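**Q** Let's have the full structure, built from the sequences with the hints guiding it.
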Amino acid sequence: MTMNLRPFLLFTTLLPALVFAQERYATRTGEISFFSKTSMENIEAVNHKATSVFDATTGAMEFAVLIKGFEFEKALMQEHFNENYMESGTFPKSTFKGKVEGVTAEQLKVPGKYEVNVSGDLTIHGVAKPATAKGTMVVDATGGVQASSDFMVKLADHGIKVPGGVNVAEEIQISVRIDYRKM
Amino acid sequence: MRSSFLFLPVLLAVPALAQDDLLGLLGEDSAATEYTIASFKTTRVINSHSLENVAHGVLDFKIGHRFGMLNSGAGELFGLDQATIRLGLDYGISEKLMIGFGRSSFQKTIDGFAKYKLLRQCDQGCNMPITLGVVAGMSVTTLDASKVPWFGEGRTDYFTHRLSYNFQVIVGRKFSESLTFQLMPGVIHRNLTASAKDPNDLMNIGAAGRFKLTKRVALNSEYFYVLPNQGDRSAFQNSLSMGFDIETGGHVFQLHFTNSTGMFERAVIAETGGDFFNGDIHYGFNISRVFTLHDPKKKAREKLKAAQTGG
Chain V
1 MTMNLRPFLL
11 FTTLLPALVF
21 AQERYATRTG
31 EISFFSKTSM
41 ENIEAVNHKA
51 TSVFDATTGA
61 MEFAVLIKGF
71 EFEKALMQEH
81 FNENYMESGT
91 FPKSTFKGKV
101 EGVTAEQLKV
111 PGKYEVNVSG
121 DLTIHGVAKP
131 ATAKGTMVVD
141 ATGGVQASSD
151 FMVKLADHGI
161 KVPGGVNVAE
171 EIQISVRIDY
181 RKM
Chain D
1 MRSSFLFLPV
11 LLAVPALAQD
21 DLLGLLGEDS
31 AATEYTIASF
41 KTTRVINSHS
51 LENVAHGVLD
61 FKIGHRFGML
71 NSGAGELFGL
81 DQATIRLGLD
91 YGISEKLMIG
101 FGRSSFQKTI
111 DGFAKYKLLR
121 QCDQGCNMPI
131 TLGVVAGMSV
141 TTLDASKVPW
151 FGEGRTDYFT
161 HRLSYNFQVI
171 VGRKFSESLT
181 FQLMPGVIHR
191 NLTASAKDPN
201 DLMNIGAAGR
211 FKLTKRVALN
221 SEYFYVLPNQ
231 GDRSAFQNSL
241 SMGFDIETGG
251 HVFQLHFTNS
261 TGMFERAVIA
271 ETGGDFFNGD
281 IHYGFNISRV
291 FTLHDPKKKA
301 REKLKAAQTG
311 G
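Sequence lines, in order, name chains V and D. Count the first sequence with my numbering and you get residues 1 to 183, in order. Count the second sequence with my numbering and you get residues 1 to 311, in order.
FYI, nobody ran anything at the bench for these hints, they're computed from the structure. Just so we're clear, the structure is a prediction, and the values are computed from it rather than from any experiment. All C-beta atoms in this analysis are idealised placements derived from N, C-alpha and C, irrespective of residue type, glycine included. One should not assume that every hint holds.
Stated by the list, open to error - Derived CB-CB ranges, DEER-like:
hint : chain 1 : residue 1 : chain 2 : residue 2 : range
1    : D       : 296       : V       : 132       : 32 to 40 Å
2    : D       : 146       : V       : 161       : 56 to 64 Å
3    : V       : 57        : D       : 118       : 48 to 56 Å
4    : V       : 35        : D       : 59        : 23 to 31 Å
5    : D       : 233       : V       : 35        : 35 to 43 Å
6    : D       : 96        : V       : 175       : 29 to 37 Å
7    : D       : 296       : V       : 144       : 27 to 35 Å
8    : D       : 300       : V       : 39        : 28 to 36 Å
9    : V       : 35        : D       : 80        : 40 to 48 Å
10   : D       : 96        : V       : 73        : 18 to 26 Å
Unchecked claim - Taking lysine-lysine pairs in the BS3-like style, the calculated list, with each CA pair at most 25 Å apart, reads:
hint : chain 1 : residue 1 : chain 2 : residue 2
11   : V       : 37        : V       : 74
12   : V       : 134       : V       : 49
13   : D       : 215       : V       : 93
14   : D       : 297       : V       : 49
15   : V       : 74        : D       : 215
16   : V       : 161       : D       : 212
17   : V       : 161       : V       : 93
18   : D       : 96        : V       : 49
19   : V       : 49        : D       : 299
20   : V       : 49        : D       : 303
21   : V       : 74        : D       : 303
22   : V       : 74        : D       : 96
What the hints assert, rightly or not - Here are a few chain D residues that face chain V, going by a calculated C-beta distance under 10 Å:
hint : residue
23   : 124
24   : 246
25   : 249
**A** Here is the structure:
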């Protein structure tokens, strides 16, 4: 009986170690903003409630953001954004699921600045498209990771129709600023 | 040996879990309250108030226009020769409170109102299935005393005799992206009525709905029913209106047919003379143009930006 207990004890001590061996970072207050520039009008909006998890061991990265959480300067723009373009009642979230290359879990333990490449599937307006972007990760003294990236998204790629005569650019600049903390 | 064998599947499951759904590790989304938006395209269904308020800090310039009646014949170009207008300004003091005033050519009336949302339907973060608002309004006619319809012979032209009030509860729900329905029980109070037999208070109930045809075009309809046994109402009809909302950028155009001539509550609910089914129909339109005067979230955004660049 005592012989049989030994592997049991071994596994119970190993189990948590296996789970926490992964170097995971997360946030619930990520900032995602976008900028549309036309000769007539500039439109910008920001969301401070993006959630993201980054697994430094595997390089896997995920994002999710609620469309209704984007704040505009003008209330009417916000309503049109939700009602006419993003149809947030039907597609409440935009998500990203992909991989980060150019940095290792070991490197992220040391303060410094790292240039990374991110690639994966970007789902906006219910339409998933492969996307790639360059970004930077800055590790601070407290072990937090500030990740940022700017990239362009074509509205037509995600089935978002903009009628003629409307001051919305065909291509939108998206900026991501994340203050990752260890999970 | 037996127990180690049992744990094998558990161990295998751990790495699989780790890769599949990273965001799942964060648990449920924080339940931030998301209020339902855009139950109607604008703050009026046609003549009546809708469930919507203008947003905080937004000024809405409203032009209401009703032509004459369709059955007035070719000589009047089927009503297009005549016009009744109301010019108005609405402003959102907060997300829940809006005020507004207007001036109508109908009985040369100035009207003002306040509308407050007591309950707000939300999509997430609370269990409120309806929106409930209250409207309190007042109107005063600036017509020459001899022309005020209810003054008649030998009545003294007190200022208070020119006043009337409107109190309404608006309760409704956006059932789906395309369908919204609301009920509007209310009372019109007139300080003076044409005859002693006519009660000062007129109980009424309205119903209104909209059906979105496309993202930018909606079909609206509204009806006001004046409860029976409230004086002699043989000269009046219940108000019925139907039409389209067409939204283009900062404007909402409402094109409609209605048997009401006036565009404030007493005129619509209590003094609609036309019989819709006899062709006493006005073609009309409302134009709404919004201006953002004040951005309530600007300070919060700048503060956050400063904190981020500073840190």
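**Q** Evaluate each hint against the coordinates.
**A** Against the structure, the hints come out as follows:
no., hint, in the structure
1, D/296 / V/132: 32 to 40 Å, "holds, 38 Å"
2, D/146 / V/161: 56 to 64 Å, "holds, 58 Å"
3, V/57 / D/118: 48 to 56 Å, "holds, 52 Å"
4, V/35 / D/59: 23 to 31 Å, "holds, 26 Å"
5, D/233 / V/35: 35 to 43 Å, "violated, 58 Å"
6, D/96 / V/175: 29 to 37 Å, "holds, 33 Å"
7, D/296 / V/144: 27 to 35 Å, "holds, 31 Å"
8, D/300 / V/39: 28 to 36 Å, "holds, 30 Å"
9, V/35 / D/80: 40 to 48 Å, "holds, 46 Å"
10, D/96 / V/73: 18 to 26 Å, "holds, 21 Å"
11, V/37 / V/74, "holds, 16 Å"
12, V/134 / V/49, "holds, 22 Å"
13, D/215 / V/93, "holds, 19 Å"
14, D/297 / V/49, "holds, 15 Å"
15, V/74 / D/215, "holds, 19 Å"
16, V/161 / D/212, "holds, 18 Å"
17, V/161 / V/93, "holds, 18 Å"
18, D/96 / V/49, "holds, 24 Å"
19, V/49 / D/299, "holds, 18 Å"
20, V/49 / D/303, "holds, 16 Å"
21, V/74 / D/303, "holds, 18 Å"
22, V/74 / D/96, "holds, 17 Å"
23, 124, "holds, 8 Å"
24, 246, "violated, 13 Å"
25, 249, "holds, 7 Å"
Violated hints for the displayed structure, listed by number in ascending order: 5, 24.
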